[in-house]
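Residue numbers (my numbering): 5 to 130.
Think of the hints as simulated: they come from the structure by calculation, not from any bench.
Check the hints yourself; a few may be wrong.
Claimed, not checked - Mimicking EDC-like on lysine to aspartate or glutamate, the simulated pairs with C-alpha atoms at most 20 Å apart in a straight line are:
id, residue 1, residue 2
1, K97, E62
2, K66, E102
3, K66, D93
4, K66, E113
To be verified - Pair by pair, the computed Cβ-Cβ distance ranges are:
id, residue 1, residue 2, range
5, G118, A78, 29 to 35 Å
6, A75, I108, 19 to 25 Å
7, R58, G84, 39 to 45 Å
8, A80, R122, 38 to 44 Å
9, G84, G118, 19 to 25 Å
10, P116, W85, 15 to 21 Å
11, W85, A119, 34 to 40 Å
All figures in this text were calculated on a predicted structure; none of them were measured in a lab.
Where a beta carbon is used, it is the ideal one built from N, C-alpha and C, also for glycine.
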Amino acid sequence: MWPIPAAAGPAQNFPSAKSHQPKEVSMRRVSIAIACAMLSLPAATQASLAGECRQLLESNVKIDSMRQYAAILASAARNGWNFAPAAIDSGSKRHFEETRLQLIAAGFEVLPVGAHPRCADEVASK
5 MWPIPAAAGP AQNFPSAKSH QPKEVSMRRV SIAIACAMLS LPAATQASLA GECRQLLESN
65 VKIDSMRQYA AILASAARNG WNFAPAAIDS GSKRHFEETR LQLIAAGFEV LPVGAHPRCA
125 DEVASK
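Could you put the whole structure together from the sequences, leaning on the hints where they help?
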């Protein structure tokens, strides 16, 4: 039987066809995150990604994560949701960590700030 959340009303007691969407959305979110991360990279790094280089700078991942989180907050605000500044800060940090972990799980290497991607050297030598 499906568990009923404590705050569920009568209309929420039954699972709907939408209950299978989170997995699909999650994979779509990974694809979007990867695409956005690649778009925010400098041209030299983008060229190296074409040659199977799968390194991303953490600063670029953070920028992309902040853009995605801002879009999530804007959508929530349009739907009447308001969050305390502390919750927004906490959510932003959590979103960045989740994005970073999803990229790592997808086979990308997230390099810390100040690191030099090995692939950039390969592009410069060609």
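Hint check:
no. : hint                    : result
1   : K97 to E62              : holds (13 Å)
2   : K66 to E102             : holds (11 Å)
3   : K66 to D93              : holds (13 Å)
4   : K66 to E113             : holds (14 Å)
5   : G118 to A78: 29 to 35 Å : holds (32 Å)
6   : A75 to I108: 19 to 25 Å : holds (22 Å)
7   : R58 to G84: 39 to 45 Å  : holds (40 Å)
8   : A80 to R122: 38 to 44 Å : holds (39 Å)
9   : G84 to G118: 19 to 25 Å : violated (42 Å)
10  : P116 to W85: 15 to 21 Å : violated (34 Å)
11  : W85 to A119: 34 to 40 Å : holds (37 Å)
When each numbered hint is compared with the structure, violations occur for hints 9, 10.
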